[in-house]
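For the sequence shown, full-length UniProt numbering assigns the number 1 to the initial residue and increments by one for each residue that follows.
To be clear, the hints were calculated from the coordinates, so they are not data collected in a lab. There could be a bad hint or two in this list.
Straight-line distance between alpha carbons at most 25 angstroms, and here's what the computed DSS-like set of lysine-lysine pairs gives [to be verified]: (1) Lys73 <-> Lys107; (2) Lys353 <-> Lys433; (3) Lys353 <-> Lys397; (4) Lys364 <-> Lys433; (5) Lys322 <-> Lys337; (6) Lys353 <-> Lys310; (7) Lys399 <-> Lys364; (8) Lys262 <-> Lys332; (9) Lys200 <-> Lys320; (10) Lys118 <-> Lys314; (11) Lys332 <-> Lys314; (12) Lys391 <-> Lys353; (13) Lys353 <-> Lys118; (14) Lys107 <-> Lys118; (15) Lys364 <-> Lys353; (16) Lys399 <-> Lys332; (17) Lys337 <-> Lys200; (18) Lys200 <-> Lys322; (19) Lys433 <-> Lys397; (20) Lys353 <-> Lys107; (21) Lys182 <-> Lys68; (22) Lys118 <-> Lys332; (23) Lys310 <-> Lys332; (24) Lys353 <-> Lys380.
A quick note: this is a predicted structure, and the numbers were derived from the prediction, not measured.
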Amino acid sequence: MLGLLPRVRLTKTFVFNTTSRIIKQNVISTEYTATPRNYATIFNSANRYYSNGSKNKHNEDHSSRAKKRSTIKTFFIRLGFSLLIPYTFYAVYVSLSAFREIEIRNKLLANVEPNDSKNYEGTILKYSPLQVLGRYENPFREYRIQTVYEFFFNRVVELFERNRGGIPPDPRQMEKLMPVHKPDWNENTAKSNDKMIDFKIVHRDSADFKEKTSISEEEQSDIPIYNTWLGQSCNYVMYNGLKIITDPIFSEFLLSENIGPKRITGMPAQINEVPDPDIILVSHNHPDHLDMLSLDHWGSESNVLWIVPKGMGKFMRNHKVKNFIELSWWDKCELIKDNHNYEIACYVNDLFKRIGQRYGHGVKLTLLPCGQYCPEWHQKPRHINSIEVVKIMDDLKAKNVLGVHWGTFLLSGEYFLEPKEKLEQLAVFNGIKDNCYCPELGQTIRFD
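Use the sequences and the hints to build the structure in full.
What follows is the structure in structure tokens.
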């Protein structure tokens, strides 16, 4: 009997025999199993299609990211070259121009100062301000500019230094090695300034080489000087009622709390505990010689007179300091306070001999930096060491020298107590141990 199979199309003729059912079953089995295979084939084809599409999309995304990275890399390479190449030419030009000017001055100096004699004309010729492209450069052979290449190379070298500076891990041991005193400001010192100090700038162009002062040598010898070291090159000096702060730095961190570096010693006094000075002397505006805290504290609302190097006027105005004057080398500022006259003079091998010759030998107190000299190849053009301090003391014929600019921040590689130890050892060797040494933080010392 022929049976019709639903949903199956038969294109063959079946024979009626005993095997017909088997044949039909085989055909049915074959036809029914063919349908899922066709579905599987379609599914696999679709899967391959979408799979290939996904792979293509992934490849496109990967290619897009690689292209983006390449574009960013190219941008920074071009930016680096666009900055470094002009800077390199600038640094080379400044260095060569300064060196050429110094050599010209030295050749002219041979005619002005025959037989190595020193006079006013030669001093002005050799040590007058030197500008290159509007930037002040030091006019002596011993100095060279520090490029960003040298700066960052030295920072990389520092990463491999172990226990840089030899700072003890125990704060109690540090307190024993670097005792910090609380300054005892007397009543006269603590008085605030009621009015701004009177001053007059004198630009010296006279042939009179040696400066004359209105105070006799006998009067000078009878007036004591009090000095309190507050860290780095910051000192509080009191002389005959005149109060002076040098290179003010009262911040806990040199740059910022996040960047550092942090003080390695405690501060003798917070800035609000320091009596207002009459004058603040600034040697230069590096962050370890002038901090923003001092500019804000003794800024526009203060009667303090700031005396800064020539070229710092814009910097002072930008920080809202109005009461300031700029001095160039060999200029003088005459001051009057309480009917007393004072003078502030603004000034290497022979520099200090010339300072002594011009302003007089026998300085009662000289504050000289003695630290931050290691590594020498990097620091020597900008700082002096203990040996040079003793030489300068001899050039000035100074009666007393205090070594400063050490033991406050970790800015160089030498052991943090080495400047003090070396200077005091040299002082013992030269028989001047009572007149040449490093003070303790916050300790007020009297010099008669």
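- Message: Need the list of violated hint numbers for this structure, in ascending order.
- Response: 1, 8, 10, 21
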